[in-house]
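Asker: So you can see what is in the structure, the chains are spelled out below.
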Amino acid sequence: MNDISIDRDVEALLRGASPSEPWSRYVLHAGVGILMTIAFAPAALVVQGALGVKTVHILFLIPVIVAATRLGLIAALAAAFGGTAASAYFFYPPLYSLRVLSPDDAVALAMFIVVAAITSHLSATARNNAGIAARNYRQLEMLYAFSRKLAASPGPEEILAAVKEHASALVGRPVSVVTFEAEGHRADTAGDLASLPEGVGKAVMRLAEGEKLDGGMLVTEPSDARKWLLRPFSRNTHRPGVLVVELDPGTVPDLDQLRASVDILLEEAAATLERLDLATTVADAELRRRSESLREAIIGSASHALRTPLASILGSASVLAQTPAVSGDERLRTLTQIIVGEAERLNLDIQKMLDAAALSGAQLKPDLAWIDPADLVNAALQSHRRELADHEIVLDCPPDLPLVRADAALASAALGLVLDNAARYSDPGGVIQITTRSDRGLVRFAVVDEGPGLTADEAPRIFEKFYRGSRARASTRGTGLGLWIANAFLAASKGRIAAAPRTDRQGTCVTIELPAATPEEMELLGGNDE
Amino acid sequence: MSNPRQTVLIVEDEPQMRRFLRAGFELDGLDVDEAETAQAGVKLATLKPFDLVVVDLGLPDHDGTYVIERLRAWSTVPIIVLSVRFHESEKVRVLDLGADDYVVKPFGMAELLARARAALRRKAPGAALQPVVTVGPLSIDLAHRRIQVAGKPVQMTPKEYRLLEILAQHWGKVVTHQHLLREIWGAAHADAAHYLRILVRKTRQKIEEDPARPRLLTTELGVGYRLAPPSPSTAEPSQAREAS
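For the protein sequence lines, the chains are A and B, in the order given.
Residue numbers for the first sequence, in our numbering: 1 to 530.
Residue numbers for the second sequence, in our numbering: 1 to 244.
Don't read these hints as lab results, they were simulated from the structure.
A quick note: this is a predicted structure, and the numbers were derived from the prediction, not measured.
Where a beta carbon is used, it is the ideal one built from N, C-alpha and C, also for glycine.
There could be a bad hint or two in this list.
To be verified - Restraint-style ranges between C-beta atoms, simulated for each label pair: (1) Glu111/B to Arg333/A: 50 to 60 angstroms; (2) Glu111/B to Leu364/A: 20 to 30 angstroms; (3) His87/B to Asp277/A: 27 to 37 angstroms; (4) Ile298/A to Pro15/B: 21 to 31 angstroms; (5) Gln382/A to Thr134/B: 20 to 30 angstroms; (6) Ala500/A to Arg146/B: 47 to 57 angstroms; (7) His170/B to His304/A: 30 to 40 angstroms; (8) Trp74/B to Leu364/A: 33 to 43 angstroms; (9) Arg437/A to Val132/B: 35 to 45 angstroms.
Isolated chain B (complex conformation) (with noise of 0.2 angstroms):
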């Protein structure tokens, strides 16, 4: 990482769950604090600014979901939560409340670190900024409301755009079905999911290689859809792989 050390809060009960999160994250470069308690964590979180906090749902003093919504009142910092098991209504239901991701236990250090690396990226100075998404090889011009695959250009139509818009506006996190109904069909069609599903499938079959196996417009079943994080300049496996 060229940045300055950057630093992670880890709120977490279990003690051997924060040993190896720390070892974890400082052996990718970054410096760490701990909290068990989700009160803990928060005031900790006050007293010095952190640029991503991971909380777990399940703490003895609150629900992680209240250390979203402090932090949320006054800060934009990443959060990631962990979590034994994940109904797709709470996966939805954190995210609503603001956390950027999700990481079921037991998980491997490397998909955290994958998660954690796209939070970070996304909330970099100047990451908001950016006129022009490119994931592989689709490439979203926000600012001409263009998009190449491969470099050719590829012709929308409104709502494929505007879908490929959203995601790329929140590149690399999950964007659930309400929001994406919401934004594109208005708020009289938020349970409409299969017009989501037919828009994604055409969507695919424009900027996917294998329409069947996408990579680059991920589907969460039962949440949402997801664009990959973009092709940073140092290669990013796009399929983490635990331990190997």
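This is chain A alone, in the form it adopts within the complex (with noise of 0.2 angstroms):
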């Protein structure tokens, strides 16, 4: 990047001379105060006309004094000089020359001098003192005004506007100001990017993008050759920004003092940017919190309202049962077991629907642990077994399976759901094969069944909400949750689902991948066997 040059001689220049004034100032006030003193040099003479004063020198001091405090050390110490010539001329004899004959008089107008240099120096420093501390009170000022505005800021951009204007106010020249939404990402947010030149913005970029510009990030313009100062926010906000500052090209501008104001500034609009963001992720996490427990009380309610009249007539139907009057008569043993059928049907779709509710916005929080797969099949079975009842299960499960980390609960139910699907989509008295096979770090379940299957478009989509196959739709009714739902189980249990049309006939292959222990890892979780 060389067509950016960070001014480092300029600056280097500027930092050993470090003055603050020009020196054609400093002949003027020279001047200034030798010409106090010659339109001083009357009035003395009125007064020593007048009184017969000897030591009229003395009265030199006064503008000596007025031009240190007027115009400081330069001009006082020229009227000191000034009054001296003036008192040897005009009242010592030899009277009009600059020759002094008693060493009395020569004695009094060298204390003159030295009274009047230490009178120079004090009352210069006193004017400069009372000078900063104006300043500084000016800046203070400005500074609370800028607290203020900035606590009253709703948000960053209002923040940063107060940052462009109080800077500009403070430096007197035209400030910009670039932000980004994070580390890199070049989203001018305040707008002033595409308003700087362009060897400027290059610089501010690399900036952004975490790099140092090293010379106190003076750069200059290829183009026009004008200095730009540039001032990078606290890396502690979640915006990262720059504070880019055009220098006035007449004037040599006090570069220290000038960065000093601005990183003020800069601080404390970081400060107030920290404040807002920490506010607004402790309102977020509070909103979030809320909306959680409300949701999950609604859910537990609808839960408990649901499942407590579903219990008692799953119950009731289980027990007339087994009543000798109903086991004993076809026809109304056929009628419980089709309340008993559909209560249990119903209690998964409602178990499906809350799960979906508690899915969507809730974060599962899985708890993994290492288990056995053969443990999560047989749990999906038996959590099952009614569903599956009808059907043929082939299970292959090699004894030697490492074991899976995964959480339990949520593993085994998106495996059942996956068995309830092969069973609800399939004929009765069809097989559903389940192979579990152990494969480079992970363990594989396949669940394999004979339905109507699903075309190779539909393959990826299966997994989707309210989702429901062509073939599905038609013959059968459900929720076109249970295979949504369980994509989001394994998800939560850092583990994968898919689904095939089947290769050797009609139907549906859906494989679960749970990540497996290592033969090493499956050493040390044994534990010894003594």
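Got two chains here, each in a separate frame; can you build the complex from them with the hints?
Answerer: Laid out in structure tokens, this is it:
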């Protein structure tokens, strides 16, 4: 990037000399100081004529002090020498000559010079201090106004506007602010980037991308040689940004001073931005927590409200089925079986809807543990034993599979939903094969049914919410939630699910993959068996 | 049931639930008493002896665990907990408090009755003194520390034997991971549930006909393990099928 020159030479020059006022002004001050003594001379002559005072040179301290307080050290020293010269010329013999005859007078004049010099220094220092105090006061006042404005700012945009306004008032130059949403992202939210010359814009981008520009971030625009000061915001805010000051081409500014005042502004702004970030985060978290607990409460009460009557229906029907009157009558037995079967199915569907409601928004917190793959399969088979009762289950689960890392409840529920799906969409009496295999760091569970299957373009879509395959839609009722929930459960448990049409015959193959222990891990997981 | 009439206490606030539970237990030959609240249930249990307590976890006045805690202060009566939704940690909690079993609502009566029978048999007089527990083809001789499968002795490692011993002492009941880990490996390994997974797998390979589909040593996912109830003289369905 040789189109941007960081102005190290100018910088060093300014730092070394660090003059705050140009030479021309000193010459002017010295001239004024001498003129003041010359103007004062007639007054001194009048006083001497009237009072006959001998040590009239004391009177020349008056212009010295005036020059010191008004114009500073240079003017005061000039006035002191002017006063000495005037005294020698007008009042000490030989008159109208700069020579002084009497040793007393010479000592008096020398003393005058010393006193005038000290006085000059003291009053000039006092003047300087007063000036600094006044400037500090102005800056403080400005900073307070700025802080008040920041405190009242409702958002980052207002804070940036305030930074711009105050920085510009402070340095008396146009100021631009460029901000970025996150490190390296070229989203200029304040919109000033476009208005900067190309070279400066590039330097700003480099700063925003985390690059360090050394040399105090003074940049010279190659096209017109104007100089720009760049100051990055604090890194602690979530909103990195750069403040850009266009320097006055006519005057040489006090860079350290400028930098210091801009940095104070930026620190204030950064602190406010941080506070604001924090406040937003806290408010967001609180809102999330409340909506989460509301959701949990609603799901909990819906679960109770729906399941309690269902428990009575299912329980009563199951008791009825055992009474001699019903079990002895084929028709009545069939009817109670329908009640039981439908109630159980309804229970599963309610469970799915509640799971779906809980999933839409809330984040599942998986409780990962090492689990035997066979346990997952058996738990799924056990909890769906009634739905699977009319199908032949063929289980192929080798005894030496590695343990899988999963949330037991989520993974077995997902497997159960896949099994339920297989049973629901294939004819009674059909075979459902469950095969588990170890494959390069994971265990794959394949559930293969003899149902209507799915087309190649349907395969990826069956995990979408409420999606139901065209063939399934025609034949069976369902919520279209089961596989979507299974997918979400597995995603939370660091697993994966996929579906494909069966290749050897009609049917669907759903595979679930879970991360598994390596052989070395298996050694450790077993502990010692002594 | 050969015993004199046994009595079950049902602590449940839903009248419909109580009604069908009563009908189901009475059909099975048990007498039934009912309580609507936790307080009333505890009070009733102090007034007369019960052979079994069935308690709902969501009661209007107290959590069902209140009933378990109060009863366990002085009684070893079998307790079965019912609840609409059981998280694994809640299951572990009610078991730790001293419940014998839990059944998730909705459930079929046959399932509850199977659990109830196992609990009643476990607490029957003399049940605790059996030196040999026989479950299907598996026989665990606690007195001689011997394991036989289908009449043939099987070599067990000390930990495998200890696992079967603990499960046999609590046959029919879920024994939590924590309990097993503490007993077998010591308190320092109470979190190392994976030790248990591997040990159970090895044990199953020695005792189960099909280790992939265990019938004797079953897993309660996220909770613990259970040794199936010993084979009684009267045939009991190994896997209760509802309403059939």
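Asker: Now tell me, hint by hint, if it's right for this structure.
Answerer: Cross-check of the supplied hints:
1. The hint said 50 to 60 angstroms for the Cβ distance between Glu111/B and Arg333/A, and at roughly 18 angstroms that hint is violated.
2. About 29 angstroms separates the C-beta atoms of Glu111/B and Leu364/A, a value consistent with the hinted range of 20 to 30 angstroms.
3. The hint said 27 to 37 angstroms for the Cβ distance between His87/B and Asp277/A, and at roughly 36 angstroms that hint holds.
4. A beta carbon spacing of about 26 angstroms between Ile298/A and Pro15/B agrees with the range 21 to 31 angstroms that was offered as a hint.
5. Restraint check, Gln382/A to Thr134/B: a C-beta distance of roughly 24 angstroms satisfies the suggested window 20 to 30 angstroms.
6. A hinted range of 47 to 57 angstroms for the beta carbons of Ala500/A and Arg146/B is consistent with their spacing of about 51 angstroms.
7. The supplied range of 30 to 40 angstroms is met by His170/B and His304/A, whose beta-carbon atoms lie about 31 angstroms from each other.
8. Under the hint 33 to 43 angstroms, the C-beta atoms of Trp74/B and Leu364/A, about 42 angstroms apart, fit the expected range.
9. In this structure, Arg437/A and Val132/B meet the distance hint of 35 to 45 angstroms, their C-beta atoms being roughly 40 angstroms apart.
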